[in-house]
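**Student:** Given next are the chains, with one letter for each unit.
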Amino acid sequence: MSNKYIGKAVKRVEDKRFITGKGKYTDDMILPGQTYAYIIRSPYAHAKVNSIDISHALSAEGVVAVFTGDDIAQSGINGVPAGWQVNFKNGDIMKEPPHPLLVGTGSTVKHVGDAVAVVIAESKEIAADAAEMVEIDYEVFDAVVNPADAVKEGAPLVHEAAPNNIAFDWEIGNPKAEVDEAIANSHHVTSLEFVNQRMIPNPIEPRSAIGLYEPSTDRYTLYTSTQNPHLIRLLMCAFVLGIPEHKVRVVGPDVGGGFGSKIFHYTEEALVTWCSKQIERPVKWTSERSEAFITDAHGRDHVTHAEMGFDKEGNVTALRIKTFANLGAYLSTFAPAVPTYLHGTLLQGLYTTPKIHLDMTCAFTHTNAVDAYRGAGRPEATYLLERLMDLAAHEMGIDPVELRMKNFIPPFDGVNQPGYQTQVALQYDSGNYQEVLKRGVAMLGYEEFRKAQAEAAQSNKLLGVGFSTYVEACGIAPSAVVGALGARAGLYEVGQVRVQPTGKVSVYTGAHSHGQGHETTFAQVVADKLGIPLEDVEIHHGDTETVAFGMGTYGSRSLAVGGSAIVKSLEKIIEKGAKIAAHKLEANVDDLTFADGKYTVNGTDKSVAFGDIALTAYIPHNYPAGLEPGLDFSSFYDPANFTYPFGCHIAVVEVDKETGKVSLKRFIAVDDVGNVINPMIVDGQIHGGLAQGIGQALLEGAIFDENGQLINGSYMDYCMPRADDLPMFELDRTETPCPHNPLGVKGAGEAGCIGSTPAVVNAVLDALWSGGFGHVKDILMPTTPERVWRAMNS
Amino acid sequence: MIPHSFDYKRASSVEEAIEILQNGSYAKVLGGGHSLVPALKLRLNAPDTLVDVTRIESLKGIGIEDGTLVIGAANTHHEIATSADVQNTLSFLAKGASAIGDVQVRNKGTIGGSIAHADPSADWPALLLAADASIVIQGADGTKTVSAQDFFTGFFSTILEETDIITQIRIPIPPEGTKSTYQKFVQPASRFAIVGCAAVKEPSGATRVAFAGVSDYAFRDEAVESASSSGASAEEAASKAAEGVSIMSDHYASEDYRKHLAKVYARRALVEVS
Amino acid sequence: MEIKISVNVNGKDYVREVEPRTLLVHFLRDTLRLTGTHIGCDTSSCGACTIHVDGVAVKSCTMLAVQADGCTVTTIEGLAQGAELHPLQEGFKECHGLQCGFCTPGMIMTAADLLAKNPSPSESEIRHGLEGNFCRCTGYHNIVKAVQYAAEKMSNEVSA
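Protein chains in written order, with this note's numbering: chain A, 1 to 794; chain B, 1 to 274; chain C, 1 to 160.
This is chain A alone, in the form it adopts within the complex (with noise of 0.2 angstroms):
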């Protein structure tokens, strides 16, 4: 079969109604009767609240409703849930504190941000004059912010349930003795504490929701800017609101961008689907920026010990590691998985380490709550190993690129060669980890750089090269096994192909698209297989009424395991259209090939088009004894293991030594995602995924003071990467095909953000080696001026 669109830059089908202005987003709407939520949030990341008085509020003209957490608890609604378990080291269940809708008297706020109670009225002006008038007592108590601080003894608590603030401790790998041993029999040690600080997603769309009760037929709406309505829907019907689930439906419209922070069910969904009920009317809140930033789950956020062993040769021996992970003031939905199963599991990396040990303590802390951000667990494991390797390389005089080499894992494809097993549950699918460095050091040209270099050392500007090579584990995820890990859900997807009687084709997916152009990629599988023009094919997703059920998109799985459904549905269309051909065509059915669009029968020229069976199927008389009418087949896939891409991401970066100011200069990305349907799209993810690394190396993180205050909770504060921070990125790529998946696909939508952090932090140290500044073994990220700076005049 010839593929006309799999491998292709096919232009993106959804485009055209976004630069029209014609997207529609959750804000964009505006439901009849509808009225809008203000919801009061607490100023005080630790404190207990007194009293709540609403009558004045509740008295303003254009007020509809006031609601406080005492109606919410008198009416039995529980709080949002954990949607993964992992349990203490010993076998206990990890501390599970509710995290309510909104806070009521009597109890305690645990962040900034924390929901008190929510005001509805028939304008957004009148809310948010009225929310003023809501007056609240609070008892202000210390808090605390750091993970590491709050396991202490006589850190102040954030829930009386979780003694020392110890949500669970978790460790993985070998026995900790023999790491022991193999650390204090090694050659050399390189040793690192950092911090791998806190994210804030910010995606460029605000979170907003909308409930809409219906009486007459008691059903329920949810509007809400989503990565996955059906989970959504799951949750809130099942473990937070107890109604129905086939009386609610949850759509996600046009989405402006998740980064994991869109994936979880946040209580403002609960809020206006249960307001909707209360007043029976529609409810719309949309987050202002402010909210978001004290709101929206953050990502990363672990303080590191890390310690990797070398033996006189440079192979690595041993890698050891002690982490506290922050998970903020309550357990978002993935957010036990984030430091653990996502984390923990990648720490092999690309090399053939043979101890790894990781103990890991994750702790509850007065501020937002941690969750995935692009990359999830990933990107923090490829920092951790990523900047060891290149200090080893530095302590040890040996260059960089030699000492990822010299430890690499041989290359295996997955079928000719066995997967590859890790000291730490995974078994890689296929890998060539040499071929990408050695790709991205052609393109550096690094002689010449070094070159370069030693002539800048002389002068104000140092030059620095920063080196990263990463392996992670995404197409999230084998059912059976993350159950066994304590994922509370399936990781399968659904994929419905429905050929229309005139053979158009509409397919439904359980995947989300927020920017991934599924509309697009999705549809180049569809009309290669089926042979048809992409025209002919549309792709549905985003409401659980159309679509049967669906995980939604993050970890970079839609095509691995959306794709995969997609394509079992394909097979069995094609399969029964067979049927139908081979009575048409008078032929038996092993006799007939699908190809380009029809079946022919082999040796002949007699064939029947693809559009002339669809209309078949509809219009059944003359038609296969015993076979139903129609055509049109869903199929739920779920993949026999995790798929895993891998890359090398090279940073070439100069350091003004007189301001400690860097700028990126050059930024080199190969990466290998397994086969590419799109390549201008893997293009895009790669692009996207490299911009928000390169923002958490050198311009962003969150800084909470002492009384849990985020200090820079907007964008006059908090850096976002603009035009001018970024250079124009040069790509190139590898393509190991997944051996386990029918498209050979593995997924490009973190492997950006994973491997790009530790380039460009490696690549300021080696700037300040090269200038003399050969001691220095950290700064933090970001790599700000003044750090840097200091980190030179230290």
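It should be emphasised that the hints constitute simulated quantities derived from the structure, not laboratory data.
Among the hints, a few may not be true.
Said to hold, decoys possible - To spell it out: a stretch of chain C is covered by chain A in this simulated footprint if at least three of its residues, at any positions, have a beta carbon under 8 angstroms from a beta carbon of chain A; those stretches are:
{"id": "1", "segment": "32-42"}
{"id": "2", "segment": "94-106"}
{"id": "3", "segment": "118-128"}
{"id": "4", "segment": "142-151"}
Unchecked claim - Heads up, simulated DSS-like pairs for lysine-lysine below, C-alpha to C-alpha not over 30 angstroms straight-line:
{"id": "5", "chain 1": "A", "residue 1": "Lys-665", "chain 2": "C", "residue 2": "Lys-117"}
{"id": "6", "chain 1": "A", "residue 1": "Lys-8", "chain 2": "C", "residue 2": "Lys-145"}
{"id": "7", "chain 1": "A", "residue 1": "Lys-461", "chain 2": "B", "residue 2": "Lys-95"}
{"id": "8", "chain 1": "C", "residue 1": "Lys-12", "chain 2": "A", "residue 2": "Lys-124"}
{"id": "9", "chain 1": "B", "residue 1": "Lys-179", "chain 2": "A", "residue 2": "Lys-461"}
{"id": "10", "chain 1": "A", "residue 1": "Lys-176", "chain 2": "A", "residue 2": "Lys-312"}
{"id": "11", "chain 1": "C", "residue 1": "Lys-145", "chain 2": "A", "residue 2": "Lys-438"}
{"id": "12", "chain 1": "A", "residue 1": "Lys-124", "chain 2": "C", "residue 2": "Lys-4"}
{"id": "13", "chain 1": "C", "residue 1": "Lys-145", "chain 2": "A", "residue 2": "Lys-24"}
{"id": "14", "chain 1": "A", "residue 1": "Lys-22", "chain 2": "A", "residue 2": "Lys-11"}
{"id": "15", "chain 1": "B", "residue 1": "Lys-259", "chain 2": "A", "residue 2": "Lys-777"}
{"id": "16", "chain 1": "B", "residue 1": "Lys-259", "chain 2": "A", "residue 2": "Lys-665"}
{"id": "17", "chain 1": "A", "residue 1": "Lys-24", "chain 2": "C", "residue 2": "Lys-12"}
{"id": "18", "chain 1": "A", "residue 1": "Lys-4", "chain 2": "A", "residue 2": "Lys-665"}
{"id": "19", "chain 1": "C", "residue 1": "Lys-117", "chain 2": "B", "residue 2": "Lys-179"}
{"id": "20", "chain 1": "C", "residue 1": "Lys-145", "chain 2": "A", "residue 2": "Lys-22"}
{"id": "21", "chain 1": "A", "residue 1": "Lys-16", "chain 2": "C", "residue 2": "Lys-12"}
{"id": "22", "chain 1": "B", "residue 1": "Lys-95", "chain 2": "A", "residue 2": "Lys-665"}
{"id": "23", "chain 1": "A", "residue 1": "Lys-461", "chain 2": "A", "residue 2": "Lys-4"}
{"id": "24", "chain 1": "B", "residue 1": "Lys-28", "chain 2": "C", "residue 2": "Lys-4"}
{"id": "25", "chain 1": "A", "residue 1": "Lys-461", "chain 2": "B", "residue 2": "Lys-240"}
{"id": "26", "chain 1": "C", "residue 1": "Lys-12", "chain 2": "A", "residue 2": "Lys-665"}
{"id": "27", "chain 1": "B", "residue 1": "Lys-95", "chain 2": "C", "residue 2": "Lys-117"}
{"id": "28", "chain 1": "A", "residue 1": "Lys-22", "chain 2": "C", "residue 2": "Lys-153"}
{"id": "29", "chain 1": "C", "residue 1": "Lys-153", "chain 2": "A", "residue 2": "Lys-8"}
{"id": "30", "chain 1": "A", "residue 1": "Lys-576", "chain 2": "A", "residue 2": "Lys-4"}
{"id": "31", "chain 1": "A", "residue 1": "Lys-11", "chain 2": "C", "residue 2": "Lys-145"}
{"id": "32", "chain 1": "A", "residue 1": "Lys-22", "chain 2": "C", "residue 2": "Lys-12"}
{"id": "33", "chain 1": "A", "residue 1": "Lys-4", "chain 2": "C", "residue 2": "Lys-145"}
{"id": "34", "chain 1": "B", "residue 1": "Lys-60", "chain 2": "C", "residue 2": "Lys-12"}
Backbone N, C-alpha and C define an ideal beta-carbon position, used for all residues, glycine too.
Following the hints, complete the assembly by docking chains B and C onto the known chain A.
**Tutor:** Here is chains B and C on its own, set in the frame of chain A:
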């Protein structure tokens, strides 16, 4: 995102604007709105009346009068950055104006609004101090002209009374051969100055150096000026920068780092004008 | 206390009563239902709300609707000439200059202002010209290319 309620009045003359200001219990002048509107949206400020002065023709126009560059208070940063009169006479003002905020901010924000707001990290105050500019203020009691030196009085403070309107900024055109520059170390998120150093050196050697972002408000650094004016090298003169003033500190630049930057930027500016 | 304003938006005259505190972006989105102009922040930083007022790019979240009285406004909905896309709209599609689409209208409106002032900008001028607009999806790489595409196309149209 939703301001408190207020009245809006559009003045067609300065006199009308002053009258409205006198009548409101808490009236504020609305220029380009790029300081005031964000504060209203976050409910940090709640005037009962806004007086829009941006359509008062007499507040607009850039031109040269008798050796003085005259800029109307309601001119936008963009208009100033692209004015041939500014570029030909005091190019560093154009350079400074084009370093403010971003394109959209420069298209709407005005010089009058910026200096009235007197943000310590804003660019205009330092630029006008180094330019030895005067500010023309019209108030209930008539019109007065004050030097930029006297205009800025502290952290977000100026000598403006609540009923005053800035009408013009007047800048003496320096002698032929004068060199000027504006060097800005930018706060990457807000794009305000962490350190902005404006320097003007006349052929006589007389030098004016002013800083934005360093202290509670923009200031002329007399130690640097006198050293440079009397022939000290850029390096030597710059080493005297930002001494004896209170230095701001935030998570982008602590006090000692900011002071260090002031010296670096003073040197870079002085090298540029030498 | 509402004030009557008349505004020409995308070639159409509108007369409406507005509260003085109504932001122009809310007027466009909620009153005129032109929802292509987006709100991404509350500090005049992100540029998602960028439109043209009397021909220049401004952040409509930092302007009151009453300030637009008598003005000519162009939003993303008014950029195409009928069915024919503006070269920037075409460039964003051709060069994959958008992903989630949320920043796109503001980005395109700012780029239009840039090309009006500087028809053949360098890469660095494009990046500097877009400093008032955040995109979280693209890393700006393809946005720069999209603007270059449009600049090229517009200069060909002029010379043709």
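**Student:** Now tell me if each hint is right for this structure.
**Tutor:** Hint check:
Counting residues of the segment 32-42 of chain C whose C-beta sits closer than 8 angstroms to any C-beta of chain A gives 10, which meets the bar of three, so the coverage hint holds. Here the segment 94-106 of chain C counts 10 residues with a CB under 8 angstroms from a CB of chain A, which clears the bar of 3, and the coverage holds. Residues of the segment 118-128 of chain C with a Cβ under 8 angstroms from some Cβ of chain A number 5, which satisfies the need for three, so the listed coverage holds. For the segment 142-151 of chain C, the assignment as covered by chain A holds, since 3 residues bring a beta-carbon within under 8 angstroms of that chain's beta-carbons and 3 suffice.
Taken as a hint, the A:Lys-665 and C:Lys-117 pair is honoured in the structure, with Cα atoms around 27 angstroms apart against an allowance of 30 angstroms. For the hint pairing A:Lys-8 with C:Lys-145, the CA-to-CA distance comes to about 19 angstroms; that is within 30 angstroms, so the pair holds. Proximity of A:Lys-461 to B:Lys-95 is assessed by CA-CA distance (about 24 angstroms); at most 30 angstroms being required, the pair is judged to hold. As the CA atoms of C:Lys-12 and A:Lys-124 are separated by approximately 27 angstroms, the hinted pair is consistent with the 30 angstroms bound.
Between the alpha carbons of B:Lys-179 and A:Lys-461 the distance comes to roughly 26 angstroms, so the proposed pair stays at or under 30 angstroms and holds. Restraint check for A:Lys-176 and A:Lys-312: the C-alpha separation of about 23 angstroms stays at or below 30 angstroms, so the hint holds. Under the criterion of a C-alpha separation no larger than 30 angstroms, the hint pairing C:Lys-145 with A:Lys-438 is consistent with the structure, at around 28 angstroms. Between the alpha carbons of A:Lys-124 and C:Lys-4 the distance comes to roughly 21 angstroms, so the proposed pair stays at or under 30 angstroms and holds.
Between C:Lys-145 and A:Lys-24 the alpha-carbon distance is near 26 angstroms, which keeps this suggested pair within the 30 angstroms criterion. Distance restraint check for A:Lys-22 and A:Lys-11: the Cα-Cα separation of roughly 18 angstroms lies within the 30 angstroms cut-off, and the hinted pair is therefore satisfied. Proposed proximity of B:Lys-259 and A:Lys-777 is supported: the alpha carbons are some 26 angstroms apart, at most 30 angstroms. At most 30 angstroms may separate the alpha-carbon atoms for a hinted pair to count; B:Lys-259 and A:Lys-665 meet this at roughly 28 angstroms.
Between A:Lys-24 and C:Lys-12 the CA atoms are separated by roughly 23 angstroms; this keeps the pair inside 30 angstroms, and the hint holds. Restraint check: the Cα-Cα separation between A:Lys-4 and A:Lys-665 comes to about 38 angstroms, which exceeds 30 angstroms; the hinted pair is violated. For the hint pairing C:Lys-117 with B:Lys-179, the CA-to-CA distance comes to about 27 angstroms; that is within 30 angstroms, so the pair holds. Restraint check for C:Lys-145 and A:Lys-22: the C-alpha separation of about 23 angstroms stays at or below 30 angstroms, so the hint holds.
With a CA separation close to 23 angstroms, the supplied pair A:Lys-16 and C:Lys-12 stays within the 30 angstroms bound. The straight-line distance between the Cα atoms of B:Lys-95 and A:Lys-665 is roughly 24 angstroms, inside the 30 angstroms bound, and the hint therefore holds. Between the alpha carbons of A:Lys-461 and A:Lys-4 the distance comes to roughly 50 angstroms, so the proposed pair goes past 30 angstroms and is violated. For the given pair, B:Lys-28 sits about 21 angstroms from C:Lys-4 by alpha-carbon distance, which is consistent with the 30 angstroms threshold.
Proposed proximity of A:Lys-461 and B:Lys-240 is supported: the alpha carbons are some 24 angstroms apart, at most 30 angstroms. Proposed proximity of C:Lys-12 and A:Lys-665 is contradicted: the alpha carbons are some 47 angstroms apart, above 30 angstroms. Straight-line distance between C-alpha atoms of B:Lys-95 and C:Lys-117 comes to about 17 angstroms, which keeps the hinted pair within the 30 angstroms bound. For the suggested pair A:Lys-22 and C:Lys-153, the alpha carbons sit about 24 angstroms apart, so the restraint of at most 30 angstroms is met.
Under the criterion of a C-alpha separation no larger than 30 angstroms, the hint pairing C:Lys-153 with A:Lys-8 is consistent with the structure, at around 24 angstroms. Proximity of A:Lys-576 to A:Lys-4 is assessed by CA-CA distance (about 23 angstroms); at most 30 angstroms being required, the pair is judged to hold. Note on A:Lys-11 and C:Lys-145: the hinted pairing holds, with a Cα-Cα distance of about 15 angstroms set against a maximum of 30 angstroms. This hinted pair checks out: A:Lys-22 and C:Lys-12 have alpha carbons roughly 18 angstroms apart, not beyond 30 angstroms.
Under the criterion of a C-alpha separation no larger than 30 angstroms, the hint pairing A:Lys-4 with C:Lys-145 is consistent with the structure, at around 26 angstroms. Proximity of B:Lys-60 to C:Lys-12 is assessed by CA-CA distance (about 29 angstroms); at most 30 angstroms being required, the pair is judged to hold.
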